[in-house]
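**Student:** The residues making up each chain are set out below.
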Amino acid sequence: MRVTLTVNGERRELEVEARRTLADALRENCRLTGTHLACEHGVCGACTVLVDGEAVRSCLMFAVQCDGREVRTVEGLAGADGTPHPLQEAFSAEHALQCGFCTPGFLMLAAGALQEDPSIADDPDRLRELLTSNLCRCTGYESIRRAVTRAAGELAGGAS
Amino acid sequence: MTTVETPMGYGSMRRKEDARFIRGRGTYVDDVTLPGMLYGAVLRSPFAHARIVSIDTKAAEAHPKVRAVITGAILDGLKLAWMPTLSYDTQAVLATDKVRFQGQEVAFVVAEDRYAARDALELIDVEYEPLPAVVDARRALDPDAPVIRDDKDGKTDNHIFDWSSGDKDATDRVFSEAEVVVTQDVLYPRVHPAPLETCGAIADFDKVTGKLTIWCNTQAPHAHRTVYAMVAGLPEHKIRIISPDIGGGFGNKVGIYPGYVCAVVGSIVTGRPVKWMEDRSENLMSTSFARDYHMRGEIAATRDGKIRAVRVSVIADHGAFNGTAQPTKFPAGFFHVFTGSYDLEAAHCAVTGVYTNKAPGGVAYACSFRVTEAAYLIERMVDVLAYELGTDPAALRMRNLLRPEQFPYPSPTGWEYDSGDYPRALALAMDIAGYDDLRAEQAAQRERWAAGEVGGTLMGVGISFFTEAVGAGPRKHMDILGLGMADGAELRVHPTGKAVLRISVQSQGQGHETTYAQIVAEELGISPDDIEVVHGDTDQTPFGLGTYGSRSTPVSGAATAVVARKVRERARIVAGAMLEVSPEDLEWEKGRWFVRGDPDQGRTITEIALAAHSSLELPEGVEGHLDATTVYNPPNLTFPFGAYICVVDVDPGTGRVKVRRFVAVDDCGVRINPMIVEGQVHGGLADGIGMALMELIAFDPDGNCLGASFMDYLLPTSMECPSWELGATVTPSPHHPIGAKGVGESATVGSPAAVVNAVLDALKPFGVRHADMPLTPAAVWRAIQGAPLRTDLAIG
Numbered sequence: 001m002r003v004t005l006t007v008n009g010e011r012r013e014l015e016v017e018a019r020r021t022l023a024d025a026l027r028e029n030c031r032l033t034g035t036h037l038a039c040e041h042g043v044c045g046a047c048t049v050l051v052d053g054e055a056v057r058s059c060l061m062f063a064v065q066c067d068g069r070e071v072r073t074v075e076g077l078a079g080a081d082g083t084p085h086p087l088q089e090a091f092s093a094e095h096a097l098q099c100g101f102c103t104p105g106f107l108m109l110a111a112g113a114l115q116e117d118p119s120i121a122d123d124p125d126r127l128r129e130l131l132t133s134n135l136c137r138c139t140g141y142e143s144i145r146r147a148v149t150r151a152a153g154e155l156a157g158g159a160s
Numbered sequence: 001m002t003t004v005e006t007p008m009g010y011g012s013m014r015r016k017e018d019a020r021f022i023r024g025r026g027t028y029v030d031d032v033t034l035p036g037m038l039y040g041a042v043l044r045s046p047f048a049h050a051r052i053v054s055i056d057t058k059a060a061e062a063h064p065k066v067r068a069v070i071t072g073a074i075l076d077g078l079k080l081a082w083m084p085t086l087s088y089d090t091q092a093v094l095a096t097d098k099v100r101f102q103g104q105e106v107a108f109v110v111a112e113d114r115y116a117a118r119d120a121l122e123l124i125d126v127e128y129e130p131l132p133a134v135v136d137a138r139r140a141l142d143p144d145a146p147v148i149r150d151d152k153d154g155k156t157d158n159h160i161f162d163w164s165s166g167d168k169d170a171t172d173r174v175f176s177e178a179e180v181v182v183t184q185d186v187l188y189p190r191v192h193p194a195p196l197e198t199c200g201a202i203a204d205f206d207k208v209t210g211k212l213t214i215w216c217n218t219q220a221p222h223a224h225r226t227v228y229a230m231v232a233g234l235p236e237h238k239i240r241i242i243s244p245d246i247g248g249g250f251g252n253k254v255g256i257y258p259g260y261v262c263a264v265v266g267s268i269v270t271g272r273p274v275k276w277m278e279d280r281s282e283n284l285m286s287t288s289f290a291r292d293y294h295m296r297g298e299i300a301a302t303r304d305g306k307i308r309a310v311r312v313s314v315i316a317d318h319g320a321f322n323g324t325a326q327p328t329k330f331p332a333g334f335f336h337v338f339t340g341s342y343d344l345e346a347a348h349c350a351v352t353g354v355y356t357n358k359a360p361g362g363v364a365y366a367c368s369f370r371v372t373e374a375a376y377l378i379e380r381m382v383d384v385l386a387y388e389l390g391t392d393p394a395a396l397r398m399r400n401l402l403r404p405e406q407f408p409y410p411s412p413t414g415w416e417y418d419s420g421d422y423p424r425a426l427a428l429a430m431d432i433a434g435y436d437d438l439r440a441e442q443a444a445q446r447e448r449w450a451a452g453e454v455g456g457t458l459m460g461v462g463i464s465f466f467t468e469a470v471g472a473g474p475r476k477h478m479d480i481l482g483l484g485m486a487d488g489a490e491l492r493v494h495p496t497g498k499a500v501l502r503i504s505v506q507s508q509g510q511g512h513e514t515t516y517a518q519i520v521a522e523e524l525g526i527s528p529d530d531i532e533v534v535h536g537d538t539d540q541t542p543f544g545l546g547t548y549g550s551r552s553t554p555v556s557g558a559a560t561a562v563v564a565r566k567v568r569e570r571a572r573i574v575a576g577a578m579l580e581v582s583p584e585d586l587e588w589e590k591g592r593w594f595v596r597g598d599p600d601q602g603r604t605i606t607e608i609a610l611a612a613h614s615s616l617e618l619p620e621g622v623e624g625h626l627d628a629t630t631v632y633n634p635p636n637l638t639f640p641f642g643a644y645i646c647v648v649d650v651d652p653g654t655g656r657v658k659v660r661r662f663v664a665v666d667d668c669g670v671r672i673n674p675m676i677v678e679g680q681v682h683g684g685l686a687d688g689i690g691m692a693l694m695e696l697i698a699f700d701p702d703g704n705c706l707g708a709s710f711m712d713y714l715l716p717t718s719m720e721c722p723s724w725e726l727g728a729t730v731t732p733s734p735h736h737p738i739g740a741k742g743v744g745e746s747a748t749v750g751s752p753a754a755v756v757n758a759v760l761d762a763l764k765p766f767g768v769r770h771a772d773m774p775l776t777p778a779a780v781w782r783a784i785q786g787a788p789l790r791t792d793l794a795i796g
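Protein sequences, first through last, are from chains Z and B.
First residue of the first sequence: 1, per the numbering used here; consecutive thereafter.
First residue of the second sequence: 1, per the numbering used here; consecutive thereafter.
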């Protein structure tokens, strides 16, 4: 089937089988391998991307469901000039990544959440709850919580 | 709260690796696409134990996108149906006679894409004749147990090995005269490392050059190359292993899996590169599990709480093939460090390994070669003793800990602990935790509870004091498949003073590109930004055994410091020629040799590097350039240690455990990058909570695996993990060039006992002395009812 996606602002026309997941379409058809597959059961969140601004598990979504929609992946998080997004900067500063495999998923999860409601990072319980969406095997999560909080502060500062 | 004494020069610098990882620009093996690449998929056994009657692959071969279907019979013709394991056993690559665990590899399909390969698996028709399965390790040696390994000539039982350590007679003597003896059966159930990236490989055999390139997320690329050469009979110089970025390893990526061998055969057969990536269920069902130790511990003590001796017997469940990765002389790994952190008169352990109809392995999960099981057992036993004596577990530990003046300490089972100040670490942890206040809070709560207060939770405080044994190892004592456990390093300094370090170990997230650059930077006085670290490619790096058992810093980190010092000494000779003085008359300050007594007369490493490549007449001892190589053979293991305190709140109505606080004081010797050290500790603490409360690979009576997805195999999330409270003491290793000890597994080794001890402490009012991991709500609730679960089996 023929689908048209806008991926990180770029229009992509793809020929895909109906059963092809969005994750495979991004990784193999678009060669955007920053989106990672770790369980393909929709549990771990490593494949999280934004579709029309909302965080989704790209292993549980078919590419054809995204026809005509906007997809944003980790490759589209930094600014056009390559400047890291405040979340990317904060993840490095807070050592919120080790092997880096879950990192794109956490970045997109947090990017979607902060875009929708920047105040989420002000409430430790809500932030903790949000981050249960994804699994990390290296960091023990504390540094990820710190990184999202730090980035939320940066984003709020930038907006004012 | 953290106090770090004298970290190395560049300290908590940000990681060089992050730049690519935060942008999604890492290169993991599944991100690699080679021209003409095909995709493999493995057909797996639905049965735990069954005879294969027939395999019909005709329909699969007829699939338009299928390029090859490989079965055990085909591999048998190539003498590749069986491969050696890392423990001198054999493992089926593809089953020929029987399947011996659920998920075992039966056939391999090579197709044009991943989806087609999976489709074709459905077209393979296998007829099985199911056999009774051996599921309970404790019954594996029963006379009527089915024999799993009838492929081995004359094998009539499921016995693998008996191994013991310590002085049995002396231990028995202490027990026979002891005032107090406590005995407890303790299970460390089967768990899985479950790195987020599953295992996988791309095999690319070039028929023209005869070169086999294997992209594989292996923690031990050089060991893999040698094993492939030995197994497949391929010349070793024609094998190149490229281990790109690895999405977590934790031991899961040490061994060679049947899928890798199948990908190699697939590439040889089709003449095209073949990629095989396992999915999550395959990872959990078939690649190396961890633990599965059924232990009986006994402590002999005086009535006033002096621990005198420890005696342990273990049934070790190794699954259907003995694939455990331990140094050859130690089939139970370093389990004999079970005497822990205490001063004992005698100790003895006996371990029996058995086959069961479960996945093979036992290498893994950040366990430092079975130190995890050992540390858990002794720390659980000390709490059981405290329970029986009615003493405070912190006071009992403080009384029995080794004293600083006893180091280097020869343990009753033959180790020599290198250095330590244990009481200081425990005192610091108790101070951070506010131990006395916690106990006061608990006493008040228990009084209210005893007075009939209904509802609410019960708090528990758990302590664990662990001694790790890492950095395998002295090569005369430690090898894997005959390969001594030493590691090489090469350091090249370019004419402009920038350096390239090549190392044998491979990061899976530990940040080697940063910390190894920091070591060189410290030794040569140049910036870490000017040092490139090359690893994970056997054509570009010196031989070494790889990254597991927390051995990178103790072995390869030492090699790095040594090779940098060699470069520095060469630079001294060149500087002497430049300054027209004897090298003996030069002194070193960071980054510069200068004339003793005339500090203005000196040359920096950058100046010296250029001179070493120039037309300068070089003196004896330097051929040109500053480059150096080394192989580091550690004189002893290093012995990191730590004191952990966990506070939990348990709801006795539901059995739910909430971890309120976790205090971890680690002493891993000198810290190269404290930020990275703390990150390693954080991750290990989360592992500990996972194993103590959630993670489990259980089996039903037919041998069906009940932990084959992340919906069944539960990993801790942000919700279960509190804000970790860390502390540090620094006791340098006396034999490591920079005094570092390694930290990758400390927290995984030390934390489960703290969590379990805390839960059992909370359950004390119910008279519960012990319950096995994982302490799920059901397990806790059942323990309260006086009917504890046997967690490893979903039976009754």
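Fair warning: there could be bad hints in the mix.
With a Cα cut of at most 20 Å, we get these calculated DMTMM-like pairs of lysine to aspartate or glutamate [said to hold, decoys possible]:
#1 K16(B) x E89(Z)
#2 K65(B) x E15(Z)
#3 K65(B) x E17(Z)
#4 K329(B) x D437(B)
Okay, the calculated bits of chain B under chain Z, using three or more residues with CB under 8 Å as the criterion [stated by the list, open to error]:
#5 185-197
#6 500-510
#7 553-560
#8 707-713
Here are some chain B residues the structure puts well away from chain Z; computed CB gaps all over 10 Å [stated by the list, open to error]:
#9 Q445
#10 V534
#11 T606
#12 T629
Simulated from the structure, these hints should not be mistaken for laboratory data.
Built from N, CA and C at the ideal position, the CB exists for glycine as well.
**Student:** Could you run down the list of hints and mark each one as holding or not?
**Tutor:** The hints, checked one at a time:
no., hint, in the structure
1, K16(B) x E89(Z), "13 Å, holds"
2, K65(B) x E15(Z), "18 Å, holds"
3, K65(B) x E17(Z), "15 Å, holds"
4, K329(B) x D437(B), "47 Å, violated"
5, 185-197, "holds (count 4)"
6, 500-510, "holds (count 3)"
7, 553-560, "violated (count 0)"
8, 707-713, "holds (count 3)"
9, Q445, "24 Å, holds"
10, V534, "18 Å, holds"
11, T606, "28 Å, holds"
12, T629, "29 Å, holds"
Checked against the numbered hints given earlier, this structure breaks hints 4, 7; the rest are met.
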